[in-house]
Amino acid sequence: MTRKLIFELEEYACPACGAVNDVIVDYERGQVICKSCGVVLKDGIADLGPEWRKPESSRAYSGPIGSSIGDIEFGNVKVADKLKAISLKKFSRPISTPLERVESDVREFLESAKEKLSIPKNVIEETVMLYKKLYDAGYKAPRLESYAAVLYFVLKKHGIAAVTLKKIIEELGIDRSNFISAYMELMSTANKLGIKPPRVDPRVYIPKIVSALGIGDEKSAEVQRIAVDILRYIISVPRIRNGRKPQVLAAAAVFYACYIAGVEVTQKEVAKAADSTEGPVRELLKDLSDVIYVEVTV
Numbered sequence: 001m002t003r004k005l006i007f008e009l010e011e012y013a014c015p016a017c018g019a020v021n022d023v024i025v026d027y028e029r030g031q032v033i034c035k036s037c038g039v040v041l042k043d044g045i046a047d048l049g050p051e052w053r054k055p056e057s058s059r060a061y062s063g064p065i066g067s068s069i070g071d072i073e074f075g076n077v078k079v080a081d082k083l084k085a086i087s088l089k090k091f092s093r094p095i096s097t098p099l100e101r102v103e104s105d106v107r108e109f110l111e112s113a114k115e116k117l118s119i120p121k122n123v124i125e126e127t128v129m130l131y132k133k134l135y136d137a138g139y140k141a142p143r144l145e146s147y148a149a150v151l152y153f154v155l156k157k158h159g160i161a162a163v164t165l166k167k168i169i170e171e172l173g174i175d176r177s178n179f180i181s182a183y184m185e186l187m188s189t190a191n192k193l194g195i196k197p198p199r200v201d202p203r204v205y206i207p208k209i210v211s212a213l214g215i216g217d218e219k220s221a222e223v224q225r226i227a228v229d230i231l232r233y234i235i236s237v238p239r240i241r242n243g244r245k246p247q248v249l250a251a252a253a254v255f256y257a258c259y260i261a262g263v264e265v266t267q268k269e270v271a272k273a274a275d276s277t278e279g280p281v282r283e284l285l286k287d288l289s290d291v292i293y294v295e296v297t298v
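Note that UniProt numbering gives residue 137 to position 137 of the sequence shown, counting from 1, and the numbers run on in steps of one.
Everything labelled a hint here was simulated from the structure, so no lab data went into it. From a predicted model like this one, the values you see are computed outputs, not experimental measurements. Worth double-checking, as some hints may not be accurate.
Said to hold, decoys possible - Keeping only pairs whose Cα atoms sit at most 27 angstroms apart, straight-line, the calculated DSSO-like set for lysine-lysine is: (1) K167 <-> K140; (2) K35 <-> K133; (3) K245 <-> K166; (4) K166 <-> K196; (5) K35 <-> K116; (6) K272 <-> K245; (7) K133 <-> K116; (8) K157 <-> K121; (9) K196 <-> K121; (10) K268 <-> K196; (11) K272 <-> K286; (12) K156 <-> K140; (13) K286 <-> K245; (14) K166 <-> K132; (15) K132 <-> K208; (16) K167 <-> K156; (17) K167 <-> K121; (18) K157 <-> K114; (19) K114 <-> K208; (20) K245 <-> K167; (21) K140 <-> K35; (22) K132 <-> K121; (23) K167 <-> K272; (24) K286 <-> K268; (25) K157 <-> K35; (26) K268 <-> K167; (27) K219 <-> K192; (28) K219 <-> K196; (29) K156 <-> K166; (30) K196 <-> K133; (31) K286 <-> K219; (32) K132 <-> K157; (33) K156 <-> K272; (34) K116 <-> K166; (35) K196 <-> K157; (36) K157 <-> K140; (37) K208 <-> K196; (38) K219 <-> K140; (39) K245 <-> K116.
Using the sequences and the hints, build the whole thing.
This is the structure we're talking about:
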């Protein structure tokens with residue numbers, strides 16, 4: 001028994017490799033796929049109406065790509081253009097090497113992460129390329145945790161503060177201890193390859209922290225402006241800066257900025273807004289009290 005599958009008449013030019021009409025058809029998924037690079041050029045829909053049995057001699061014949069493909073004599077179902085026109089799915093073609101299987105698995109994980117965390121496409125592609133490079137160099141951390149670790153590494157490199165470690169662990173169902181082990185192994189492998197760890201500018205966390213505190217628009221801009229000035233000073237003091245997470249540095253700057261702007265917040269609230277614990281923020285504020293003085297005019 002076969003189901004009818006029909007595609008609109010058009011020329012198939014691959015946007016990835018430039019091949020024209022060099023395609024294969026996956027009848028099971030209803031897709032037209034570039035034969036050269038595996039990019040899905042078109043997603044089709046199966047006619048779920050009556051099923052027709054073809055003569056034995058013609059069952060294996062799929063027909064040429066044109067106005068329709070396969071069993072077309074009994075229907076005129078059109079392609080669902082609402083589906084994504086381009087979707088890189090390497091698993092739609094035969095997988096011959098372990099690296100290809102790994103890449104397929106990584107992409108599947110990242111597609112899920114993209115939906116849950118709103119991750120930019122360029123970050124997804126860079127994560128795949130970096131993971132393949134690390135895998136070739138012997139990176140073999142637990143599967144899901146290793147994917148998440150490489151993703152977090154790239155997110156930090158691009159300074160995307162909105163996707164925090166806590167959010168990755170919670171949204172993607174990652175074990176925290178395994179993630180930390182995977183990230184440490186990643187850093188070790190990256191070091192062997194000469195890949196420098198990402199340096200995150202603490203300033204990228206200031207808007208996120210201020211927004212999470214729920215400060216009104218009237219005071220929000222003022223708090224952010226003051227926090228940037230304070231953070232610039234904090235970063236300039238190695239004794240204060242070294243060994244502390246960028247979000248903790250930003251949290252301390254925001255706390256002082258709120259105090260100066262007349263916005264009442266607690267250390268606990270600021271730490272929570274920065275996805276940190278109260279301890280590191282309190283310790284940093286204590287150290288800063290020896291070098292930062294706030295003049296109060298009555």
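Against the structure, the hints come out as follows:
1. Distance check on the hinted pair: K167 and K140 sit about 24 angstroms apart at the alpha-carbon level, within 27 angstroms; holds.
2. Restraint check for K35 and K133: satisfied, since their Cα atoms lie roughly 25 angstroms apart, inside the 27 angstroms limit.
3. Of the supplied pair hints, the one linking K245 and K166 holds, its CA atoms being roughly 14 angstroms apart against a limit of 27 angstroms.
4. Taking the CA atoms of K166 and K196, the gap is about 23 angstroms. The hint holds against a cut of 27 angstroms.
5. At most 27 angstroms may separate the alpha-carbon atoms for a hinted pair to count; K35 and K116 exceed this at roughly 31 angstroms.
6. Proposed proximity of K272 and K245 is supported: the alpha carbons are some 14 angstroms apart, at most 27 angstroms.
7. With a C-alpha separation of about 25 angstroms, the suggested pairing of K133 with K116 holds against the 27 angstroms cut-off.
8. A hinted pair counts as satisfied when its Cα atoms are at most 27 angstroms apart, and K157 with K121 qualifies at roughly 15 angstroms.
9. Only pairs whose Cα atoms come within 27 angstroms are accepted, and K196 paired with K121 is accepted, the gap being roughly 22 angstroms.
10. A hinted pair counts as satisfied when its Cα atoms are at most 27 angstroms apart, and K268 with K196 does not qualify at roughly 33 angstroms.
11. Using a Cα cut-off of 27 angstroms, the hinted pair K272 and K286 holds, with the two alpha carbons roughly 18 angstroms apart.
12. Proximity of K156 to K140 is assessed by CA-CA distance (about 21 angstroms); at most 27 angstroms being required, the pair is judged to hold.
13. Under the criterion of a C-alpha separation no larger than 27 angstroms, the hint pairing K286 with K245 is consistent with the structure, at around 16 angstroms.
14. Of the supplied pair hints, the one linking K166 and K132 holds, its CA atoms being roughly 25 angstroms apart against a limit of 27 angstroms.
15. This hinted pair does not check out: K132 and K208 have alpha carbons roughly 32 angstroms apart, beyond 27 angstroms.
16. This hinted pair checks out: K167 and K156 have alpha carbons roughly 14 angstroms apart, not beyond 27 angstroms.
17. A threshold of 27 angstroms between alpha carbons decides the hint, and for K167 with K121 the separation of about 18 angstroms falls inside it, so the pair holds.
18. At roughly 17 angstroms between alpha-carbon atoms, K157 and K114 fall within 27 angstroms of each other, so this suggested pair holds.
19. Of the supplied pair hints, the one linking K114 and K208 holds, its CA atoms being roughly 20 angstroms apart against a limit of 27 angstroms.
20. About 16 angstroms separates the Cα atoms of K245 and K167, which keeps this hinted pair within 27 angstroms; it holds.
21. Using a Cα cut-off of 27 angstroms, the hinted pair K140 and K35 is violated, with the two alpha carbons roughly 31 angstroms apart.
22. Annotation: proposed proximity of K132 to K121 holds, straight-line Cα distance about 17 angstroms (limit 27 angstroms).
23. At most 27 angstroms may separate the alpha-carbon atoms for a hinted pair to count; K167 and K272 meet this at roughly 13 angstroms.
24. The suggested pairing of K286 with K268 holds, with an alpha-carbon distance near 14 angstroms, which does not exceed 27 angstroms.
25. Using a Cα cut-off of 27 angstroms, the hinted pair K157 and K35 is violated, with the two alpha carbons roughly 34 angstroms apart.
26. About 19 angstroms separates the Cα atoms of K268 and K167, which keeps this hinted pair within 27 angstroms; it holds.
27. At roughly 47 angstroms between alpha-carbon atoms, K219 and K192 are farther apart than 27 angstroms, so this suggested pair is violated.
28. A threshold of 27 angstroms between alpha carbons decides the hint, and for K219 with K196 the separation of about 38 angstroms lies outside it, so the pair is violated.
29. Taking the CA atoms of K156 and K166, the gap is near 13 angstroms; set against the 27 angstroms cutoff, the hint holds.
30. For the hint pairing K196 with K133, the CA-to-CA distance comes to about 14 angstroms; that is within 27 angstroms, so the pair holds.
31. Restraint check for K286 and K219: satisfied, since their Cα atoms lie roughly 25 angstroms apart, inside the 27 angstroms limit.
32. With a C-alpha separation of about 17 angstroms, the suggested pairing of K132 with K157 holds against the 27 angstroms cut-off.
33. Distance hint between K156 and K272 is fulfilled; the C-alpha atoms sit about 20 angstroms from each other, no more than 27 angstroms.
34. Restraint check for K116 and K166: the C-alpha separation of about 13 angstroms stays at or below 27 angstroms, so the hint holds.
35. For the proposed pair K196 and K157, the alpha carbon gap of about 10 angstroms is at most 27 angstroms, so the pair holds.
36. The hinted pair formed by K157 and K140 meets the criterion: a straight-line CA distance of about 22 angstroms does not exceed 27 angstroms.
37. Taking the CA atoms of K208 and K196, the gap is about 26 angstroms. The hint holds against a cut of 27 angstroms.
38. Under the criterion of a C-alpha separation no larger than 27 angstroms, the hint pairing K219 with K140 is inconsistent with the structure, at around 48 angstroms.
39. The suggested pairing of K245 with K116 holds, with an alpha-carbon distance near 25 angstroms, which does not exceed 27 angstroms.
Going down the numbered hints, you'll see the structure goes against 5, 10, 15, 21, 25, 27, 28, 38, while the others check out.
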